[in-house]
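Trainee: Chains as they are written, first to last, in this note's numbering: chain A, 1 to 283; chain B, 1 to 283; chain C, 1 to 283; chain D, 1 to 283.
Rather than coming from a laboratory, the hints here were simulated on the basis of the structure. If you're wondering where the values come from, they're calculated on a predicted model, not measured in any experiment. Hints may contain errors.
As the list claims (entries may be wrong) - Stretch-level coverage of chain A by chain B, calculated; a stretch enters the list once three of its residues show a Cβ under 8 Å from a Cβ in chain B:
hint, stretch
1, 19-25
2, 238-252
3, 256-266
Heads up, the beta-carbon is just placed ideally off N, CA and C, and yes, glycines get one too.
4 protein chains.
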Amino acid sequence: MKKITFLIALLFPVLLNAQSGKVMDNLKMDSKILKMERNYAVYLPPGYETSERSYPVLYLLHGATDNHTGWIQFGEVLHITDKAIQEGTATPMIIIMPDADTKVMGYFNVPDYNYEDFFFEEFIPHVEQKYRIKSTKRFRAVAGLSMGGGGSFMYGLRHPDMFSSACPLSAYVGPLTLEQADLSMKRRNPGITDAQVKSYFENYNALNLLAKADVEKVKSVRWYIDCGDDDFLYEGNSQMHIEMRKKEIPHEYRVRDGGHRWSYWRSALPEVLRFVSDSFHQN
Amino acid sequence: MKKITFLIALLFPVLLNAQSGKVMDNLKMDSKILKMERNYAVYLPPGYETSERSYPVLYLLHGATDNHTGWIQFGEVLHITDKAIQEGTATPMIIIMPDADTKVMGYFNVPDYNYEDFFFEEFIPHVEQKYRIKSTKRFRAVAGLSMGGGGSFMYGLRHPDMFSSACPLSAYVGPLTLEQADLSMKRRNPGITDAQVKSYFENYNALNLLAKADVEKVKSVRWYIDCGDDDFLYEGNSQMHIEMRKKEIPHEYRVRDGGHRWSYWRSALPEVLRFVSDSFHQN
Amino acid sequence: MKKITFLIALLFPVLLNAQSGKVMDNLKMDSKILKMERNYAVYLPPGYETSERSYPVLYLLHGATDNHTGWIQFGEVLHITDKAIQEGTATPMIIIMPDADTKVMGYFNVPDYNYEDFFFEEFIPHVEQKYRIKSTKRFRAVAGLSMGGGGSFMYGLRHPDMFSSACPLSAYVGPLTLEQADLSMKRRNPGITDAQVKSYFENYNALNLLAKADVEKVKSVRWYIDCGDDDFLYEGNSQMHIEMRKKEIPHEYRVRDGGHRWSYWRSALPEVLRFVSDSFHQN
Amino acid sequence: MKKITFLIALLFPVLLNAQSGKVMDNLKMDSKILKMERNYAVYLPPGYETSERSYPVLYLLHGATDNHTGWIQFGEVLHITDKAIQEGTATPMIIIMPDADTKVMGYFNVPDYNYEDFFFEEFIPHVEQKYRIKSTKRFRAVAGLSMGGGGSFMYGLRHPDMFSSACPLSAYVGPLTLEQADLSMKRRNPGITDAQVKSYFENYNALNLLAKADVEKVKSVRWYIDCGDDDFLYEGNSQMHIEMRKKEIPHEYRVRDGGHRWSYWRSALPEVLRFVSDSFHQN
Chain A
1 MKKITFLIAL LFPVLLNAQS GKVMDNLKMD SKILKMERNY AVYLPPGYET
51 SERSYPVLYL LHGATDNHTG WIQFGEVLHI TDKAIQEGTA TPMIIIMPDA
101 DTKVMGYFNV PDYNYEDFFF EEFIPHVEQK YRIKSTKRFR AVAGLSMGGG
151 GSFMYGLRHP DMFSSACPLS AYVGPLTLEQ ADLSMKRRNP GITDAQVKSY
201 FENYNALNLL AKADVEKVKS VRWYIDCGDD DFLYEGNSQM HIEMRKKEIP
251 HEYRVRDGGH RWSYWRSALP EVLRFVSDSF HQN
Chain B
1 MKKITFLIAL LFPVLLNAQS GKVMDNLKMD SKILKMERNY AVYLPPGYET
51 SERSYPVLYL LHGATDNHTG WIQFGEVLHI TDKAIQEGTA TPMIIIMPDA
101 DTKVMGYFNV PDYNYEDFFF EEFIPHVEQK YRIKSTKRFR AVAGLSMGGG
151 GSFMYGLRHP DMFSSACPLS AYVGPLTLEQ ADLSMKRRNP GITDAQVKSY
201 FENYNALNLL AKADVEKVKS VRWYIDCGDD DFLYEGNSQM HIEMRKKEIP
251 HEYRVRDGGH RWSYWRSALP EVLRFVSDSF HQN
Chain C
1 MKKITFLIAL LFPVLLNAQS GKVMDNLKMD SKILKMERNY AVYLPPGYET
51 SERSYPVLYL LHGATDNHTG WIQFGEVLHI TDKAIQEGTA TPMIIIMPDA
101 DTKVMGYFNV PDYNYEDFFF EEFIPHVEQK YRIKSTKRFR AVAGLSMGGG
151 GSFMYGLRHP DMFSSACPLS AYVGPLTLEQ ADLSMKRRNP GITDAQVKSY
201 FENYNALNLL AKADVEKVKS VRWYIDCGDD DFLYEGNSQM HIEMRKKEIP
251 HEYRVRDGGH RWSYWRSALP EVLRFVSDSF HQN
Chain D
1 MKKITFLIAL LFPVLLNAQS GKVMDNLKMD SKILKMERNY AVYLPPGYET
51 SERSYPVLYL LHGATDNHTG WIQFGEVLHI TDKAIQEGTA TPMIIIMPDA
101 DTKVMGYFNV PDYNYEDFFF EEFIPHVEQK YRIKSTKRFR AVAGLSMGGG
151 GSFMYGLRHP DMFSSACPLS AYVGPLTLEQ ADLSMKRRNP GITDAQVKSY
201 FENYNALNLL AKADVEKVKS VRWYIDCGDD DFLYEGNSQM HIEMRKKEIP
251 HEYRVRDGGH RWSYWRSALP EVLRFVSDSF HQN
């Protein structure tokens, strides 16, 4: 028996190379809140089918003009996560990729489209019941790019009890002025009232949210913020870094070489996986 | 010892399946247009069977005197693509290898053999329905060698709405003169008329096609052209480079050390996979 | 004898790698402008003594409380530059490290201490005549950390005709408000007038300089700006990034993991050498 | 043990010097033919000073707007050649870099500026007598970029008895039409006659020279031609490839990814050194 153990140990590195996770990009659920069907995609870690354990979860949000399949096709979530898990820089986790593709306003509540309510009241319960997910703050993280980076900021700031880490990449932090909010809201929703626009500006602009936030609660989330030096969203992210520093909210902040592109986000993903794993690992 | 062997034998196939793609070289479909059965081969990426996602597709064309099995047997498509996907230089994709082996004229329409019609009207719909393929221009590429390099040029130039990239390798760009066309067509089809020869020369010579093409449409395809310095097809490829530069059509062009040989094409394939993945990745 | 041969054979790989430049940290020159002697240090690239060529030059500025020996002792300029040259990421260059150590105001003109005049009128001519230095803008760069990062910003902004690149690291961009300037100037120079403080604030604050600069001239300098996410100087650097983006002045900007420490600057130096070499190399 | 230490101490300086070549960029000679002084630069291989052997020679020509220092400063000839010799891909050789910087016509004979005569009658004899150079065709090669690529083509075609190899990089093959020649000659030399322009066009256009050349003599030179796919000089080089293939003149031809830039030429130089060494090595 010792020999066998030895032989297997010898084979192990070879065999370990063979481990692969699994992605599904064609899942659906009915939403009562949205009164429509919503798509989503899932990454399951290597060995999910045969293991009998539960896993931490990362909600990974796509950007504008994209959908739930973006992180799989363009973001190489399967290859990158498999590799990070294999190398031990990330812990095995489940990744949930919702579809917020929309002509309206993405991840938030706007008139007749309460996506944020759907996300927290229907979607999270649905997937955390369907898959073997550890359903507590410690084991739940959110990350995303562009509009999904905005989602990560806002979900982390508005729901600090839900996530142990939040990782906005190349984030759209929201309209920088009320005028900008007015313009973009009314273009999409001609019937929207001034009061609704003002409410949206106050609730879905990361700088405004931060200004009125409970600092201790915001500190209970670990933050990883990354936005390239050539990204057109440089201003909002630079301002968030300044304001979080002034409020002494710990956060990792990176500005690397690059713009608003998938090549940037693919090279960000390994660091995001490492960062959220630090919470899951209880370092 | 038997036990060990048994244990390893048991472990091996499962584990090996998890990291390797799969090739099938004995597939068939009936063509109404050609009134015959046509063969084809397929490469499926690692994890295809268990994943529930869809994939981009590369149509990979063989050369004269060869058939749909060439890229598998001589081109090492399985090993090279598995390696590129594992290293992250290529995204998981499905590769379709049709059979245009023929005494007549390969990938194009000639009297009584409308292969091009078959390819676009029957073959693409057949395989894109049979496999989980993303069926839009962005996620579809074509590449090939020699006669199949000609196919890649002509399909890209004549159907720019169908492919996001085209990669002619050591391409036969078509008869360089009407006399050449006349000679070769009449040798194969004694009954062919002069008008038919002239039409063929105009429609299946890449230089002629380029001269009359809608430049903006040709630019919507990304081009990767590679032909060795010892290749007998040097002239047509050099001319295509000159003419595409004069029309300011972006294209990658490589002349490496080598001739019209499988060793050249095997060393070209990783770059082709990387290049088509750049489109699939939305860099 | 065999032993010796063996020993030498063993040493050989080490010796082959052993090409080294040379540093001198005890050089002096008399300044008529400052009416005192000033120290400086020099790095000469491998082969300087035997070659008969001339070299590009990098002026590398130290921070507050330090002097011309800092980049040698704490910054490992010899080891890091030798390695970069050996690996081909940097071109052989001369590095000049002046001493601006001072209880007064570092690299700039303040009452009774016109260091900036000294630097451009006496120091540069002195060293560029003493060593085989190519004395044109293309082949001259400036970099520095903290107070020396401020020097790099101010020298690049005020003397854009002198440098092809400027690389402020963890830069002190100057007092952010007139009040700050007032406080810090008067603490060091009790006799200073309000007008002198105001003039200093306008001439030695990078944001003020940028606001009134000739944008085309500023663009003629290539910029590389780097400041860690834990650095206490985060605000000025973030603001410079925002303002340079708004003025469309190309610049590389990096925020990496770290604070105001030598470990950060040692890991920044290879990139600085690569960046200034890009100008020297005429890529 | 003391002996060993002593021996190593003794060897150290020798060994340190023994692995690096040496460059000089400030050499001069008087030309009777040109009635002026001409600059040049030299690379001497590692160990040149202490060895008592003679070496093969590569004449390495710069491009327009540059001079004899270009291959040293921008081309990294010292680092790249040292590395190639150390790795054994190139044989130790002397590299001579002349200065053809000129408002007139570079490497060729034009009215009142017979540079080609100077080069073959004065310059080669001067340097091959001054340095320990093997002065026969086998051990002499020429390479260059842009205008110096044109020099390499023309010197190889017009003086095939002088060089065992010629390596034009991103070569200007000469005016492609008589009209082009006329325009460029008359702009530089208002007094030039039509006959002189015609003569120049016939003698300094590589395609014309090839058309009338003694093919066997041209074959006695080994050719290495390299021009990037983004280079504006694509047409002349593509045409030279076509015409040399048609005349069955063996030649290596490369089209790599890149334009008319030093980064391209730096990555070409190792291959040039390997290629000319193949002749020097008598493979």
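Trainee: For every hint, state whether the structure bears it out.
Mentor: Do the hints match the structure? See the list:
1. Check on the stretch 19-25 of chain A: 6 of its residues sit with their Cβ under 8 Å from a Cβ of chain B, so the three-residue criterion for coverage holds.
2. With 0 residues having a Cβ less than 8 Å from any Cβ of chain B, the stretch 238-252 of chain A misses the three-residue criterion, and the hint is violated.
3. Counting residues of the stretch 256-266 of chain A whose beta carbon lies closer than 8 Å to any beta carbon of chain B gives 4, which meets the minimum of three for the stated coverage.
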